[in-house]
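Undergrad: Protein chains in written order, with my numbering: chain F, 1 to 151; chain X, 1 to 396.
In case anyone wonders, no lab produced these hints; they're calculated from the structure.
Among the hints, erroneous ones may be present.
[Claimed, not checked] Computed footprint of chain X on chain F, listed as stretches where at least three residues anywhere in the stretch have a Cβ under 8 Å from a Cβ of chain X:
| hint | segment |
| --- | --- |
| 1 | 17 to 31 |
| 2 | 35 to 46 |
| 3 | 100 to 110 |
| 4 | 126 to 132 |
[Claimed, not checked] With a straight-line cut-off of 30 Å between C-alpha atoms, the simulated DSS-like cross-links for lysine-lysine are:
| hint | chain 1 | residue 1 | chain 2 | residue 2 |
| --- | --- | --- | --- | --- |
| 5 | F | Lys137 | X | Lys348 |
| 6 | X | Lys14 | F | Lys137 |
| 7 | X | Lys244 | X | Lys292 |
| 8 | X | Lys74 | X | Lys107 |
| 9 | X | Lys110 | F | Lys75 |
| 10 | X | Lys292 | F | Lys75 |
| 11 | X | Lys65 | F | Lys151 |
[Said to hold, decoys possible] Some chain F residues judged to face chain X by a derived CB distance under 8 Å, without partners named:
| hint | residue |
| --- | --- |
| 12 | Gln4 |
| 13 | Ile6 |
| 14 | Val7 |
| 15 | Leu9 |
| 16 | Glu11 |
| 17 | Ile66 |
| 18 | Gln69 |
| 19 | Asp120 |
| 20 | Leu121 |
| 21 | Arg122 |
| 22 | Tyr145 |
| 23 | Ile148 |
For every residue, glycine included, the Cβ atom is placed at its ideal position computed from N, Cα and C.
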Amino acid sequence: MGEQAIVRLEEEHLQPVLVIRVDDLVETAFLLRDTEGYYFDFLSNISAVDYFPEQRFGVVYHLASIPYQTQLTLKVEMENDRQLDNLPEIPSVSTVWRTADWHEREAFDLMGIFFTGHPDLRRILLPDDWQGYPLRKDYEDADTYHGIAIK
Amino acid sequence: MTSYTEGLENYKKKLAAITPQEMVINMGPQHPSTHGVLRLELITDGEVVRDIIPHLGYLHRCFDKHAESMNYGKAIPFTDRLDYLSSMNNSHAFVMGVERMLKIEDKLPKRVEYIRVLVCELNRIASHLIAIGTYGIDIGAFTPFMWCFRDREHIMNMLEWASGSRMLYNYIWVGGLFYDLPVGFEERCQEFVDYFKPKLVELDDLLSNNQIFISRTANIGALPADVAINYGCSGPMLRASGIKWDLRRVDGYSVYPELEFEIPIGKGEMGTLGDCWDRYKVRVDEVTESVKIIEQCLRRLQTDFKRTPDFDPRGLVPKKVNLKAQEYYIRAENPKGELGFHFVTQEKTDVPRRVKARGPSFNNLSVLPELGRGQLIADLIAILGSIDIVLGEVDR
Numbered sequence: 001m002g003e004q005a006i007v008r009l010e011e012e013h014l015q016p017v018l019v020i021r022v023d024d025l026v027e028t029a030f031l032l033r034d035t036e037g038y039y040f041d042f043l044s045n046i047s048a049v050d051y052f053p054e055q056r057f058g059v060v061y062h063l064a065s066i067p068y069q070t071q072l073t074l075k076v077e078m079e080n081d082r083q084l085d086n087l088p089e090i091p092s093v094s095t096v097w098r099t100a101d102w103h104e105r106e107a108f109d110l111m112g113i114f115f116t117g118h119p120d121l122r123r124i125l126l127p128d129d130w131q132g133y134p135l136r137k138d139y140e141d142a143d144t145y146h147g148i149a150i151k
Numbered sequence: 001m002t003s004y005t006e007g008l009e010n011y012k013k014k015l016a017a018i019t020p021q022e023m024v025i026n027m028g029p030q031h032p033s034t035h036g037v038l039r040l041e042l043i044t045d046g047e048v049v050r051d052i053i054p055h056l057g058y059l060h061r062c063f064d065k066h067a068e069s070m071n072y073g074k075a076i077p078f079t080d081r082l083d084y085l086s087s088m089n090n091s092h093a094f095v096m097g098v099e100r101m102l103k104i105e106d107k108l109p110k111r112v113e114y115i116r117v118l119v120c121e122l123n124r125i126a127s128h129l130i131a132i133g134t135y136g137i138d139i140g141a142f143t144p145f146m147w148c149f150r151d152r153e154h155i156m157n158m159l160e161w162a163s164g165s166r167m168l169y170n171y172i173w174v175g176g177l178f179y180d181l182p183v184g185f186e187e188r189c190q191e192f193v194d195y196f197k198p199k200l201v202e203l204d205d206l207l208s209n210n211q212i213f214i215s216r217t218a219n220i221g222a223l224p225a226d227v228a229i230n231y232g233c234s235g236p237m238l239r240a241s242g243i244k245w246d247l248r249r250v251d252g253y254s255v256y257p258e259l260e261f262e263i264p265i266g267k268g269e270m271g272t273l274g275d276c277w278d279r280y281k282v283r284v285d286e287v288t289e290s291v292k293i294i295e296q297c298l299r300r301l302q303t304d305f306k307r308t309p310d311f312d313p314r315g316l317v318p319k320k321v322n323l324k325a326q327e328y329y330i331r332a333e334n335p336k337g338e339l340g341f342h343f344v345t346q347e348k349t350d351v352p353r354r355v356k357a358r359g360p361s362f363n364n365l366s367v368l369p370e371l372g373r374g375q376l377i378a379d380l381i382a383i384l385g386s387i388d389i390v391l392g393e394v395d396r
C-alpha cells in the first residue's frame, strides 16, 4: 500500500497536491487518518472542480492533522461525458470522516458527483426536485420552474 | 446504471416507517430559536427526540457560482454576506488567500495589517455578543440579550464610521483597505474598551453564574473531542471539547504572532467537558481575549504605526489580479470556527474557475443529529443555540 495509489504530485501550487487513484481513495484515507506520523484526523473541506471544456472532473480533499499541525491536499480526477444519466462516481469517505457526509451531499447537489457508499446522498442546498447541477460550467438555467416562466 | 434518487427514496421510507407512538414535527424554518431559516424535521416519541433531519438551503444565494463569474475584488461584498455577523473576518480570509497567491502578502504595510486585525477582533466581539445574547433568550433570559445588543451597537457604530456601512462592510480589499481609519478612531475605540470591560464582568455575573442558566446548560449536549474532530467541528465548538486549536495561533497569519492572547478551552467546570455551558463560556472568555488584542493593536497603531500623511491604504491594490493556473486553500479563524476558501484559478483571466467556501457553521451544524438524538425537545433548543449557527453561512 502506498506507492501504487499515487498518480502524481503537483508541486506548482503553493500547497502541493497529491493526486491519487480513485480506487485507492478510501484505503488511502484510512491510512492517512490512522497511521502514526500522519494522523490526518480533521477533514477541512471537500470541493468538486469542473475542468470544462475538458471532459474531466476533480474532487479535492483538504486534510489537517490536529496533533502535528500539518496540512495535506488530496485530489482524485476522473473523465466523464457530462451526461446527466452518467454521473462521475467516486467512493465516499464519510466512513472515515463524518465531515464528508454533508460536503459530499453538497458536491452531489451542485456539481453532480455521485459518491458510492454514501449513507444518505440527497440534495442538500437545492430543492429535491431540482434539475441539473448548477456549478457545472455547461449548466444552463431552465426556462420554467414548476410551470412558472423564469426567463 | 446506478439510481441517483436512492437517497431520497430511503429518506421518504424512513419517515413512512415511524411507529404509532412516534410523531414527525417540523421545527422551523420560521421558528425563532432556529436562528434563521433552518428547518429541522424531528421524529419524536413524546418529549424525546428520536432522530433529527436538518433541511438547509432556504437562504442559498449561490456564493460559489457568483464568485466564479466575476473577478476577485468584486466577490468581496459577497463574502461579507456569508456570515453576516462577522463580515470583516470573512473578507479578511478571502483577501488573504488572493494576496498569498499574488505573493504580495509580505509587502503589506504593518499599519494595514494592524487595522485589519483591529476591525476583525471588534467584529469577533460583536458576533460573540450576539451568540451570547440570543443564547440567553433561547434559555429564557431576556436581559442579557438587551445588554449584549446595547454594547454591540457601539461596535457597529464604530465600524460604520470606518467603512460607511453598518453590517456589510466591504472594507478589507485585496492589497489593502478601503480607507485609512478615520481621525480619532483609535481614541474612541479606547473609550469603548474602557467602557466595555466592566460590562463584561456584569454580564458574567448575570448569566454565567445564574443557577437557572446552569441547570439548563450544564451536562446537556456534551460533545466528546473525538466526535467533534470527526464531524469537522471547529472554533469554540472544538475548543469547548478541550482541544486547543485556534488557527490564529496554528497558522499564525497576519500579525497574530506578534500579539499576546490566550486560547480559552472548555474545562467542564459546571458539568461534563464539552457541554452547552462550556461552549457558552468559551465564547465569553474569547471576548475577553479579543479585548486584549484590541488594546495591543491600538497601542501599536498610536505609537509604531502612526497615521502619516503619505500612508496609502490602497497602495498595493492590484488593477487586475493576474494569476497563473494554480489552486490554494486558505483557512482562517472566524468567530464560528474555521472559514476556508478553496481557489482554483485560470490562466489569462481574473475570473476564478472555482471558489468554494467552507463555512464553519455548516460543519458545526452537521453534528446536531448526533448530539440531539435521545434528548428532550427543550434541550435540543439549548444545544442548537450553543452551536451558534448563522444560516447565511450554512446555506451560502
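Undergrad: Now tell me, hint by hint, if it's right for this structure.
TA: Do the hints match the structure? See the list:
Counting residues of the segment 17 to 31 of chain F whose beta carbon lies closer than 8 Å to any beta carbon of chain X gives 1, which falls below the threshold of three, so the coverage claim is violated. Coverage of a stretch by a chain is defined here by at least three residues with a beta carbon nearer than 8 Å to that chain's beta carbons; for the segment 35 to 46 of chain F and chain X the count is 5, and the condition holds. For the segment 100 to 110 of chain F, the stated coverage by chain X holds: 3 residues have a C-beta nearer than 8 Å to a C-beta of that chain, and at least 3 were required. Coverage of the segment 126 to 132 of chain F by chain X holds [criterion: at least 3 residues with CB-CB distance below 8 Å; count 3].
At most 30 Å may separate the alpha-carbon atoms for a hinted pair to count; F:Lys137 and X:Lys348 meet this at roughly 18 Å. For the hint pairing X:Lys14 with F:Lys137, the CA-to-CA distance comes to about 35 Å; that exceeds 30 Å, so the pair is violated. Using a Cα cut-off of 30 Å, the hinted pair X:Lys244 and X:Lys292 holds, with the two alpha carbons roughly 19 Å apart. Between the alpha carbons of X:Lys74 and X:Lys107 the distance comes to roughly 22 Å, so the proposed pair stays at or under 30 Å and holds.
With a CA separation close to 36 Å, the supplied pair X:Lys110 and F:Lys75 exceeds the 30 Å bound. Restraint check for X:Lys292 and F:Lys75: the C-alpha separation of about 41 Å exceeds 30 Å, so the hint is violated. Restraint check: the Cα-Cα separation between X:Lys65 and F:Lys151 comes to about 18 Å, which is no more than 30 Å; the hinted pair holds. Hint status for F:Gln4 relative to chain X: violated, with the closest Cβ pair at about 25 Å, above 8 Å.
Annotation: interface hint on F:Ile6 violated; nearest CB of chain X at approximately 18 Å, more than 8 Å. Annotation: F:Val7 was flagged as interfacial toward chain X, and the flag is violated, the nearest CB pair being 16 Å apart, outside 8 Å. The restraint placing F:Leu9 at the interface with chain X is violated, with a minimum CB-CB distance near 14 Å, outside the 8 Å limit. Hint status for F:Glu11 relative to chain X: violated, with the closest Cβ pair at about 11 Å, above 8 Å.
About 6 Å separates the beta-carbon of F:Ile66 from the nearest beta-carbon of chain X, less than 8 Å, and the hint is met. Interface restraint check: F:Gln69 against chain X, minimum CB-CB distance 5 Å, threshold 8 Å, status holds. The beta carbon of F:Asp120 comes within 5 Å of a beta carbon in chain X, closer than 8 Å, and the hint placing it at the interface holds. Because the beta carbon of F:Leu121 sits about 4 Å from the nearest beta carbon in chain X, less than 8 Å, this interface hint is met.
Below 8 Å, beta-carbon pairs count as interface contacts, and F:Arg122 has one with chain X at about 4 Å; its hint therefore holds. A least Cβ separation of about 14 Å between F:Tyr145 and chain X goes past the 8 Å threshold, and the interface hint is therefore violated. The beta carbon of F:Ile148 is not positioned within 8 Å of any beta carbon in chain X (closest approach about 18 Å), and the interface hint is therefore violated.
The structure is inconsistent with the numbered hints 1, 6, 9, 10, 12, 13, 14, 15, 16, 22, 23, although it conforms to all the rest.
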